[in-house]
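S.K.: Construct the complete structure from the given sequences, taking the supplied hints into account.
Chain order of the listed sequences is A and B.
So that you can map any letter, position 213 of the first sequence is 213 in our numbering, and since no number is skipped, the others follow by simple counting.
So that you can map any letter, position 279 of the second sequence is 279 in our numbering, and since no number is skipped, the others follow by simple counting.
Hints may contain errors.
[Stated by the list, open to error] Partial list, computed: chain B residues near chain A (C-beta under 8 Å):
(1) R166
(2) L322
(3) Q323
(4) K326
Source of the hints: derived by calculation from the structure; they are not laboratory data.
Ideal Cβ placement from N, Cα and C applies to all residues, glycine included.
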Amino acid sequence: MGSTNKLRGPNCWTAQVGSFSLQLIWHFIHFIISTCFFVLGLAGAIDSYLISSGLLKKYNDLNLGKLRYLAIVVDSDEARQTSKVIKLLQWLSDIGVKHVCLYDEEGVLKKSKDAILEKLSHIRLFEETDEILPLDQKNLNLELASPSDGKEAVAKAANLLFTKHLELRNTTEDHWENIFTEAQMTEALRALGCSGPEPDLLLVYGPARCHLGFPPWRLRYTEIVHMGSLKSMKYGLLMKAIYKFTLVRQNYGK
Amino acid sequence: MQHGSSSSSKFMGTICGFLRKCLFKALSAGPIPSHIAFIMDGNRRYAKRRNLAEGDGHRAGFSSLMTILGCCYDLGIQHTTVYAFSIDNFKRRPDEVQCLMDLMVEKIEELLKTGSVLDQYGIRISFIGNLKLLNENVQIAAEKAMKATASNNKAVLLICVAYTSRDEIVHAIERSCEQKLDEANAFAGNEEIKVMTGQLDELEVPTSPSNCGVKRVKEVEMKNGNFKHVEQGSHQEKSDDIEKKHKYPFIKLVDIEKNMYMAVAPDPDIVIRSSGETRLSNFLLWQTAYCPLYTPEALWPDMGLWHLVWAVLSFQRSYSYLQKKKKRL
Chain A
1 MGSTNKLRGP NCWTAQVGSF SLQLIWHFIH FIISTCFFVL GLAGAIDSYL
51 ISSGLLKKYN DLNLGKLRYL AIVVDSDEAR QTSKVIKLLQ WLSDIGVKHV
101 CLYDEEGVLK KSKDAILEKL SHIRLFEETD EILPLDQKNL NLELASPSDG
151 KEAVAKAANL LFTKHLELRN TTEDHWENIF TEAQMTEALR ALGCSGPEPD
201 LLLVYGPARC HLGFPPWRLR YTEIVHMGSL KSMKYGLLMK AIYKFTLVRQ
251 NYGK
Chain B
1 MQHGSSSSSK FMGTICGFLR KCLFKALSAG PIPSHIAFIM DGNRRYAKRR
51 NLAEGDGHRA GFSSLMTILG CCYDLGIQHT TVYAFSIDNF KRRPDEVQCL
101 MDLMVEKIEE LLKTGSVLDQ YGIRISFIGN LKLLNENVQI AAEKAMKATA
151 SNNKAVLLIC VAYTSRDEIV HAIERSCEQK LDEANAFAGN EEIKVMTGQL
201 DELEVPTSPS NCGVKRVKEV EMKNGNFKHV EQGSHQEKSD DIEKKHKYPF
251 IKLVDIEKNM YMAVAPDPDI VIRSSGETRL SNFLLWQTAY CPLYTPEALW
301 PDMGLWHLVW AVLSFQRSYS YLQKKKKRL
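M.R.: In C-alpha cells, the structure reads:
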C-alpha cells in the first residue's frame, strides 16, 4: 500500500507539472499571435491613412456598379454607440453606396432608428415594397434588420405555406410540390415584409467574423468580410474592403 | 544505401509524428472545437495550375480531405462536415458532373474496405442533402456507407451532397407541415378536418421601416394561390388563440430546426473555406450565426495541418466572446 502511494505521488506531480507546462506553452502561443495581430493592426492603420489621403490611386475611383446592396452586421454591444453608427453611414454615403442594410442581433439599431434619421438628413428608410430604384446622388436607402427578420420570419413564412396547403387541399390537383418551393418561400417572406434584397457584400463590425444571425434566406452568395471592432473603424479600411469586393468573380456553383 | 535512406525517412516520420502529438497536446490546453465544416473549393484551379485533367484535381482534393480528417480526429474534433456537392453544381457541364458522381462512388467503395480511415477512427458517415436528386448508383453507394458505419461512435463525418441551405430550409418546413398534419389528424380522429378559409387573423409581423413599433397584418389573403398582405389596425391577438381558431398547431421555430438535415449534429464551431473566397455559397447559412468563417488562400488540395492549426487558434481567440453571445440566446 505504502509503495503504491509513493508511486502515485510522483506520477500525480509529473502530470500536474506536465499540464501546467502545456498551459504555459498555450498562453505563450496566443501571446505571440496577439502580438502579430497588434502589428498587423498598426500596418492596417498606416494603410488606412494612405488610402484615405488619396495617395494610393487605385482606391480613388471605386467602381460601385457591382455593389448593389451592402449589408453591415454590428455587434449589439457596439451598436449602442449610435454616434459611431451614424459616422459609418455618413462615410458610406460619402463613398457613394446607395443601399445599406444594418443588422444587429438584439435589435438595438432598430430602437435607435429615430436618433439615426435625425442626424442624417439624406437617408431614407427602405420600404419593403420598393424595388431597388435608382436614387439621386445624395440619398442613401437604409434598411434596419434584426433576428425577427431572420429565423423568426422563416417560421412565420412556414405557417403561410402551411395555410396555403390547407386552403388548396380540397382541390383535385396535387399542389404539395408546388407550394414547398424556394420561390414560394421568397414570396411568403415578401408578404410578411421580411424580404429585402440579397446583399452582395456583408461587413462585420465586431470581435469575430460571424454573421450573428443575419437573415439566412438572404446570405446565399454574399461576400463576408471582417472589419474589426466598430470602435476602431477606419475610413480607409472601409474603402479597401469595398475595393477588394469589386475584384471578386463568382461562378455561382458553375 | 537504399536501406539507409528508408530508415532515415522512417526516423523523420516518427519525429514528425511526435512533434505533431506535442503540438496537438499544447492546442488542447485551450478549447477545441467539437464541429468543423469545410468548403472544399479550388480543385479545378489546382488542376489548371498544374496542367492536370480536371478529374485529377478532384482526386487530389480527396487525398487532402483524408489528411485533414486525420488531423481533425487526432486533435479530438468529433464532428466534421464537408461540402462535397451543391445543388448549384448541377449547372456544370454534364460530363464534369458525371465525373464527380463516379469519383464519389469510387471513393465510397474505397472507404468501405476494411482497414480504411473509417475503421481506424471509428467514423460514422452521414450523407446530408436532397439525395433524391442524385443518380441511383450514388444513392445506393451512400445508403451502403451509412448502413456499414452506423455502429461507429467515435467520430462523425457529414458529407453534404446535393445540398443547399435554402433547399434544407424548405425541406424542413415541408417535414414540419407533414408532422403538424399528422398530429392534427391523430388528435381530431379524421372527422373534423376543417378547411381553413385562407385568412390568418392577426399574425404578428416584424416592423416595417416606415412605422414605429410592430405592424399587425390583419389579413393575409390568398388570391388565386398568391399571397397578398393587407394592412389594417393594430389590434393584437395571441398565437394560442389563433391556434385554437385554426384547429391546426402552428409550426414553431423549434419544429423547423428539428427537421433540418443538419439536426443530427451540433452547430459548427468553425467554417473553413479554402482558396480565399469569402462567401458561404448556400452552405449552412442557418447554422453559422455564431460560427466564425476562416478563409485561407490555399486551394483545397494544398490545405494541410498548419491551416487547420491556425483555424483552431483563431477559434480559441474568439471562443469566450462567442460563448457569451450563445449564452444570451
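S.K.: For each hint, tell me whether it holds in the structure or not.
M.R.: Each hint tested on the structure:
1. R166: Constraint on B:R166 satisfied, holds at 5 Å.
2. L322: Constraint on B:L322 satisfied, holds at 6 Å.
3. Q323: 11 Å, violated
4. K326: Hint violated; B:K326 Cβ to chain A Cβ min 11 Å, cut 8 Å.
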